[in-house]
Amino acid sequence: MLAQSKTARQRIVDLVGENGFILIFIVWIAILILTTRTFLTSQNIFTVLRQSAIITIVGIGEMLIMLLGGMDVSLAAILGFSGIVSVSLMVNYNLPPLAAGVAAVAVGGLIGWINGFLVTKVRINSVIATLGMMNVLNGMALAYTQGKTIVGPQLDGIAFLARGYIGPLPFPVLLMFVLIALFYLVLNKTLYGANVYAIGNNEKASWLAGIKVDRLKMLTFTLAGLLAGFGGLMQASRQGSATSSMGNEFLFPILTAVILGGISLSGGKGKVQNILIAAIFLMTITNGMVLLGISLYVQGIISGLILILALSLDRLRYRRT
Amino acid sequence: MDTFLSVRHVSRTFPGIKALDKVSFDVTRGTIHALVGANGAGKSTMMKILSGALAPDEGEILLDGKPYRPANPAEAIQASVSTIYQELNLLNLRTITANVNLGREPRRWGFLDEREAERRTTSALERLGAAYLPTKTMVGELKVGEKQIIEIAKALVSECRLLIMDEPTAALNDQETNSLFAIIRELKAGGVTILYVSHRLKEIFMLADQVTILRDGKSVHTAPIAEVTPDSLIGLMLGRKYEGAFPEKNRALGEEILCLEGLSSPPAFDQVNFSLHRGEVLGITGLAGSGKVELGRALIGDWPIANGHILLHGQQYRPDPSRAKAAHIGYMPEDRKKEGVLEELSVRRNIGLPSLAGLSNRFGWIDAKGERCLAQKEVDDLAIRTPSLEQLVRNLSGGNQQKVSLAKWMAIRPELLLLVEPTQGIDVGVKMEIYRLIHEIAASSNAILLVSSEIPELLGLAHRILVLNNGAVQGILDGDQTNEEEILQYTFGQKRGEQL
Chain A
1 MLAQSKTARQ RIVDLVGENG FILIFIVWIA ILILTTRTFL TSQNIFTVLR
51 QSAIITIVGI GEMLIMLLGG MDVSLAAILG FSGIVSVSLM VNYNLPPLAA
101 GVAAVAVGGL IGWINGFLVT KVRINSVIAT LGMMNVLNGM ALAYTQGKTI
151 VGPQLDGIAF LARGYIGPLP FPVLLMFVLI ALFYLVLNKT LYGANVYAIG
201 NNEKASWLAG IKVDRLKMLT FTLAGLLAGF GGLMQASRQG SATSSMGNEF
251 LFPILTAVIL GGISLSGGKG KVQNILIAAI FLMTITNGMV LLGISLYVQG
301 IISGLILILA LSLDRLRYRR T
Chain B
1001 MDTFLSVRHV SRTFPGIKAL DKVSFDVTRG TIHALVGANG AGKSTMMKIL
1051 SGALAPDEGE ILLDGKPYRP ANPAEAIQAS VSTIYQELNL LNLRTITANV
1101 NLGREPRRWG FLDEREAERR TTSALERLGA AYLPTKTMVG ELKVGEKQII
1151 EIAKALVSEC RLLIMDEPTA ALNDQETNSL FAIIRELKAG GVTILYVSHR
1201 LKEIFMLADQ VTILRDGKSV HTAPIAEVTP DSLIGLMLGR KYEGAFPEKN
1251 RALGEEILCL EGLSSPPAFD QVNFSLHRGE VLGITGLAGS GKVELGRALI
1301 GDWPIANGHI LLHGQQYRPD PSRAKAAHIG YMPEDRKKEG VLEELSVRRN
1351 IGLPSLAGLS NRFGWIDAKG ERCLAQKEVD DLAIRTPSLE QLVRNLSGGN
1401 QQKVSLAKWM AIRPELLLLV EPTQGIDVGV KMEIYRLIHE IAASSNAILL
1451 VSSEIPELLG LAHRILVLNN GAVQGILDGD QTNEEEILQY TFGQKRGEQL
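Residue numbers (my numbering), protein chains in the order written: chain A, 1 to 321; chain B, 1001 to 1500.
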């Protein structure tokens, strides 16, 4: 008693719906290839990929939290704070790069753990808890740096993270692909991934099925913190300095990449590989407008319009219940 | 015969399943027409088509002789067809008046005419014998039975001529059910045609004039109610002869598994003592609000315990789902959609979920083949009807969802199963299979705690029946010695066991 196959029209709607932003992405790339000489050079492509790396890596953590049905708005702030910690440890305290790096990542993990504690034990809504955390961290960053840039020759020790190469591939790009592949496996093949999807789908039923929901949430917030801490280290390496505002520019790209990547705001649904594509898409929008010589004053309008268009197509799939 | 609604060769297909297959039946004007069938027979689909929530793939429907094909629920209401779903669609934070007039608020010069809305509400409530309800009350403060009345009042205000009701008594007690029946008969006398969808055969024989039986998406029979018997009706629903629901009880009881000592959580329940042995089915019953559901939930850690002890195999036990799972205790909650299954996940993952830790290696890598085998075995054992293991549970019928919520615990080979209203809202076919499973679990010397409001099923399955009233244990009755009447006396608190 199998159903008749879908109509052709429905198939097209499905195809566009499932891959809405990818379609816009392809169109945008086609425009850039046709109208600029520089877009399709390996140098430019690597630039775009390199810019996507931090967003993707921190975005993975955001995705894990959103799969659980929560949201963490403090990840960009954790990134900035950890970046300052690592730079300060190297420049002001002359710690070796490895120790400073480990410390920065650990600080990120600790803050993530506190977020998890607030959400699971104190039972504060995750957006509110992390909004508070974001303000605390941004305030601490400002108080510590007094608004000054921290910079020093010691930072050469971490330059490899953002600017190094392994063979022909930039290190951050390689790392980005490796992490996406790793988390693809984690989410689809392991107990942790199965539990994340289950909790995001129905927390109460998952708890009653014997899953330790609170422990898994704490772990996930911590993991997101660790990834954000590492992102801070990479950003410090990339800009070769630390400033109190170094996390700010990541707040929206991280959330946009995850939402554009189709991670459901109510949890339980989404694929990690889509975050990679979405992050690259975001960077291509900016990159393309620079290549096209579009005035800085107009760029915001155009990038906003492209995003809305991509998201609208993406919602097609929800039109039919 | 004056046919009011005529359904002709209506079909509807969903991915993987033909929900309705050329269904035809006629409903006579001004009668109560029952629509019955096992879960998955197509009742809900038929209802959704009539209420405008779904469109049929083929076939036609005539309403009062004219083609009827609503594009959405609003058009159906416009065409004087109102539907009351089992999960009532009321706004809890608005008043009775606001709810009753919702979507058809009277207007005067473009403004809401509150006096007219008030008048309509009062007159509808009067017709329903519920004039005592103050129209300014928030609907959220009403009892379920009263909410049901508000839904009907809503239908009256929209001048409905065909009222479709889906399991309207599911959440009502006997008294509320009786007054609802009086109202339904009153509506019928007033010329409204009623399509009554229910699993409860008793009610159908009390209420209906005609009955249509659906099975596997086909309409198998339509007849005046006088021409069928409960057994022949069940036979038609199942497609085979019906031979009693309950297997012989297991007689070989073993050592004690669970023991409650003065377990209390006032005001839900207080001073509950009992022990449960291998091979035994212990029933727990009581009226709504007696504390029976809370007691079941407390044993899995989903309800706080104020005082008392639980001993599991003689050891102190503090309830918690993950500890329970480790101790091979399964728990089937009352609300399967919200707590029993994960609707957006596959049948495979739903069944495998409690077993995943055992199926993965020390890196947390899941043995995918093992999970599939495990799920397939349970799907076969429980005869779960699904096109594949990868089907989303959302797309299964209610009875099959219920089986999935049981299957995942069967997969951990439970020593103790806590079942809360396991047969609520499911048809007689699935019920019988669940009874068979309960029997099998007990017969293989494991224990079952069966919290249920269905006295016949307790009598048929349980060795002993503990009755609660207002949180207090009224007695523990021998399942073979007692009868329905005695249990009822205990549930109403009119009688108490001497030993207590």
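If you're looking for bench data, these hints aren't it; they were derived computationally from the structure. No residue lacks a Cβ here, since even glycine has one placed at the ideal position from N, Cα and C. Errors might be hidden in some of the hints.
Said to hold, decoys possible - Straight-line Cα separation of at most 20 Å, PhoX-like style, residue types lysine-lysine; simulated pairs:
1. A:Lys269 / B:Lys1338
2. B:Lys1337 / A:Lys204
3. B:Lys1048 / B:Lys1218
4. B:Lys1147 / B:Lys1136
5. B:Lys1147 / A:Lys212
6. A:Lys189 / A:Lys271
Stated by the list, open to error - Residues from chain B that face chain A, not an exhaustive set, calculated with beta carbons under 8 Å:
7. Val1228
8. Tyr1331
9. Pro1333
10. Gly1340
Against the structure, the hints come out as follows:
With a C-alpha separation of about 18 Å, the suggested pair A:Lys269 and B:Lys1338 falls inside the 20 Å cut-off, and the hint holds. For the suggested pair B:Lys1337 and A:Lys204, the alpha carbons sit about 11 Å apart, so the restraint of at most 20 Å is met. Simply put, B:Lys1048 and B:Lys1218 have alpha-carbon atoms about 16 Å apart, close enough for the 20 Å limit, and the pair holds. Of the pairs offered as hints, the one joining B:Lys1147 and B:Lys1136 holds, with about 14 Å between alpha carbons and a cut-off of 20 Å not exceeded.
The suggested pairing of B:Lys1147 with A:Lys212 is violated, with an alpha-carbon distance near 37 Å, which exceeds 20 Å. Pair hint A:Lys189 plus A:Lys271 holds up; C-alpha atoms about 13 Å apart against a cutoff of 20 Å. With 8 Å as the threshold, the beta carbon of B:Val1228 stays out of range of chain A, its nearest partner Cβ sitting at about 27 Å, so the hint is violated. For the restraint placing B:Tyr1331 at the interface with chain A, the shortest Cβ-Cβ distance is roughly 6 Å, inside the 8 Å limit, so the hint holds.
Interface hint status for B:Pro1333: upheld, as the beta-carbon distance to the closest one in chain A is roughly 6 Å, under 8 Å. Look at B:Gly1340: its Cβ gets to within about 6 Å of chain A, closer than 8 Å, so that hint holds up.
Of the hints listed earlier, those the structure fails to meet are numbers 5, 7, in rising order.
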